[in-house]
Amino acid sequence: MSNAAPENFHDRIVPPSGAPAWLTTFTAGAMTFLAVFALALSLASDRLATRWAEALNRTATIRISAPDDQMALQTKAVLSLLAETPGIAAARALTGEETRALLEPWFGPDLPLTDLPLPQLVELTEAPEGYDGEGLRQRLAAEAPGAVLDDHLRWRRPLAQAASTLRLLGLGAIGLIGLAMAAMITLAASAALAANAQVIKVLRLVGATDSYIARAFTRRFTMRAATGAAVGALVGAAGVFALPAQDAAGGFLTGLGFTGWGWLLPLAFIPLAALVAFVATQLAALRTLRGLT
Amino acid sequence: MAPNQRNPPVIAFDNAAYSYGGGELLSEISLRLAPGSFHFLTGPSGSGKSTFLKLCYGELLPTAGRVTLFDREVRGLSRDGVALTRRRIGVVHQDCQFLDHLPVASNVALPLLVSGRPTPARDLSDLLAWVGLGQLATALPPSLSGGERQRAALARAVITGPDVILADEPTGNLDWELSLRLLTLLVELNRMGKTIVVATHDLNLIRQAKSQVSTRVLRISKRRIQLAGADL
Numbered sequence: 001m002s003n004a005a006p007e008n009f010h011d012r013i014v015p016p017s018g019a020p021a022w023l024t025t026f027t028a029g030a031m032t033f034l035a036v037f038a039l040a041l042s043l044a045s046d047r048l049a050t051r052w053a054e055a056l057n058r059t060a061t062i063r064i065s066a067p068d069d070q071m072a073l074q075t076k077a078v079l080s081l082l083a084e085t086p087g088i089a090a091a092r093a094l095t096g097e098e099t100r101a102l103l104e105p106w107f108g109p110d111l112p113l114t115d116l117p118l119p120q121l122v123e124l125t126e127a128p129e130g131y132d133g134e135g136l137r138q139r140l141a142a143e144a145p146g147a148v149l150d151d152h153l154r155w156r157r158p159l160a161q162a163a164s165t166l167r168l169l170g171l172g173a174i175g176l177i178g179l180a181m182a183a184m185i186t187l188a189a190s191a192a193l194a195a196n197a198q199v200i201k202v203l204r205l206v207g208a209t210d211s212y213i214a215r216a217f218t219r220r221f222t223m224r225a226a227t228g229a230a231v232g233a234l235v236g237a238a239g240v241f242a243l244p245a246q247d248a249a250g251g252f253l254t255g256l257g258f259t260g261w262g263w264l265l266p267l268a269f270i271p272l273a274a275l276v277a278f279v280a281t282q283l284a285a286l287r288t289l290r291g292l293t
Numbered sequence: 001m002a003p004n005q006r007n008p009p010v011i012a013f014d015n016a017a018y019s020y021g022g023g024e025l026l027s028e029i030s031l032r033l034a035p036g037s038f039h040f041l042t043g044p045s046g047s048g049k050s051t052f053l054k055l056c057y058g059e060l061l062p063t064a065g066r067v068t069l070f071d072r073e074v075r076g077l078s079r080d081g082v083a084l085t086r087r088r089i090g091v092v093h094q095d096c097q098f099l100d101h102l103p104v105a106s107n108v109a110l111p112l113l114v115s116g117r118p119t120p121a122r123d124l125s126d127l128l129a130w131v132g133l134g135q136l137a138t139a140l141p142p143s144l145s146g147g148e149r150q151r152a153a154l155a156r157a158v159i160t161g162p163d164v165i166l167a168d169e170p171t172g173n174l175d176w177e178l179s180l181r182l183l184t185l186l187v188e189l190n191r192m193g194k195t196i197v198v199a200t201h202d203l204n205l206i207r208q209a210k211s212q213v214s215t216r217v218l219r220i221s222k223r224r225i226q227l228a229g230a231d232l
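Residue numbers (this note's numbering), protein chains in the order written: chain A, 1 to 293; chain B, 1 to 232.
Keep in mind the hints are simulated off the structure, nothing from the lab.
Note that the structure is predicted; figures quoted are calculated from it, not measured.
Glycine included, each C-beta is placed from N, C-alpha and C at the ideal position.
One thing to keep in mind: the hints can contain errors.
[Unchecked claim] Among chain B residues calculated to face chain A with C-beta under 10 Å, some are:
# : residue
1 : TYR57
2 : ASP80
3 : ALA83
4 : ARG86
5 : ARG88
6 : LEU99
7 : SER106
8 : LEU112
9 : ARG156
[To be verified] Calculated cross-link-like contacts (lysine to aspartate or glutamate; reagent style EDC-like; alpha-carbon spacing at most 16 Å):
#  : chain 1 : residue 1 : chain 2 : residue 2
10 : A       : LYS201    : B       : ASP95
11 : A       : LYS76     : A       : GLU123
12 : B       : LYS210    : B       : GLU188
13 : B       : LYS222    : B       : GLU28
14 : B       : LYS54     : B       : ASP95
15 : A       : LYS76     : A       : GLU143
16 : B       : LYS54     : B       : GLU73
17 : A       : LYS201    : B       : ASP100
18 : A       : LYS201    : B       : GLU59
19 : B       : LYS222    : B       : GLU24
20 : A       : LYS201    : B       : ASP80
[To be verified] One side only, chain B facing chain A, incomplete, derived with CB under 8 Å:
#  : residue
21 : ARG87
22 : PRO111
23 : SER115
All chains should be modelled from the sequences, with the hints used to inform the complete structure.
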């Protein structure tokens, strides 16, 4: 015995066209597009914070400023002191070439090093158990008065905090985008429910329950949101892909992308947008229906 | 009273009243509609016939007294309870009310579809043929004439095999020939054991019905049901 009801009948109970439909698809697409960029920003901030932490966490620099005739003596004293200090894995004095390389980006390749009173730099690597920074400072002051310990902590901490804050801002932006999308879809669903008062009246007349009617609207809006989100996610991912490749000179902005499996993350916004639309429409529909006889 | 105790009424009004904001439209309505009975409801325009029918399927709640549908007081029903009760009551409105974007066949099958019951194609086809709409199954409601819409509404009202059929001016837009055809369908349903209530101005239709089946005529006048019968 064949069934006269087409398989997708329940999806067609709500008329297909109208501004709310377009608004839902557009909103889901635009919000997902923005969410992809917010996610890229958040992930890039996370990578940056990790990179800075790894690069700076285990190194420190000692800068020795002393008259020419004492420079070698104080350098030797510093290296000797570092060799005896617990928690320091390695220490070495930078050569003139290395110092020139460090300064070259600011002063150019023709820097006359011999004419400048440059300090001697000593790079130390921290052992896993760590060293006592304050104790080292005091011993340096006693044995090499021209030596100053710079353990990067005072500028590493705000940088790490900034990166962490950026990551949180990115996640917060995604949350706000989700809420804004829920609000827009709620408005669109409410408008659709108002525009389809006659449909609801007929369905109630023939014995449809509130949950059945709500499902009819929810199915439509969920599908529309998923469709819009799919387009938004793909366009957003393409936009991120089009950004310049990561480059040291480019700094943070050129690192604003996904890596490896991370390129699949924008696809997660499709079911998320569908879920937001489902919940928003279901709540709007049940609220509207409760107001009817 | 003995027959009523054996067959409890499908719809009962117990001193029921209904008031709009402006005043009382129906008052002190007490009656019982026995299973398988056929009632006509008459009265001048604005007397409250449509309101009475809406009270019969829970679209309106009485503002005083009690209305009982299938032994359950309507005021005590949840929203889902009202919806489930309506599945036992087929309603034919004067303005019919269809989903205009769906074909006639889907509109007629709607009560089955929303209740999750299967819609055998053969049964649907037979039902459409019974009301003379076999060739219009795929037509959209706005393309139907007044008579075709009334017959489609009747088909929709009976497709679930409801216990009660309520019709509000079902022949209001029909010529005499089509009115008789619709009446014949209602009489057939009554002979199948359905309880029928028809609100109408058409006295010729009532006379015609009385010649075919046992009917009672209720008249609403001055906010009350005046003409008493055995069911009152």
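How the hints compare with the structure:
no. : hint                   : result
1   : TYR57                  : holds (8 Å)
2   : ASP80                  : holds (5 Å)
3   : ALA83                  : holds (4 Å)
4   : ARG86                  : holds (4 Å)
5   : ARG88                  : holds (8 Å)
6   : LEU99                  : holds (6 Å)
7   : SER106                 : holds (7 Å)
8   : LEU112                 : holds (8 Å)
9   : ARG156                 : holds (7 Å)
10  : A/LYS201 with B/ASP95  : holds (13 Å)
11  : A/LYS76 with A/GLU123  : holds (13 Å)
12  : B/LYS210 with B/GLU188 : holds (13 Å)
13  : B/LYS222 with B/GLU28  : holds (11 Å)
14  : B/LYS54 with B/ASP95   : holds (14 Å)
15  : A/LYS76 with A/GLU143  : holds (10 Å)
16  : B/LYS54 with B/GLU73   : holds (15 Å)
17  : A/LYS201 with B/ASP100 : holds (13 Å)
18  : A/LYS201 with B/GLU59  : holds (10 Å)
19  : B/LYS222 with B/GLU24  : holds (10 Å)
20  : A/LYS201 with B/ASP80  : holds (15 Å)
21  : ARG87                  : holds (4 Å)
22  : PRO111                 : holds (4 Å)
23  : SER115                 : holds (6 Å)
In this structure, none of the earlier numbered hints is contradicted; all agree with it.
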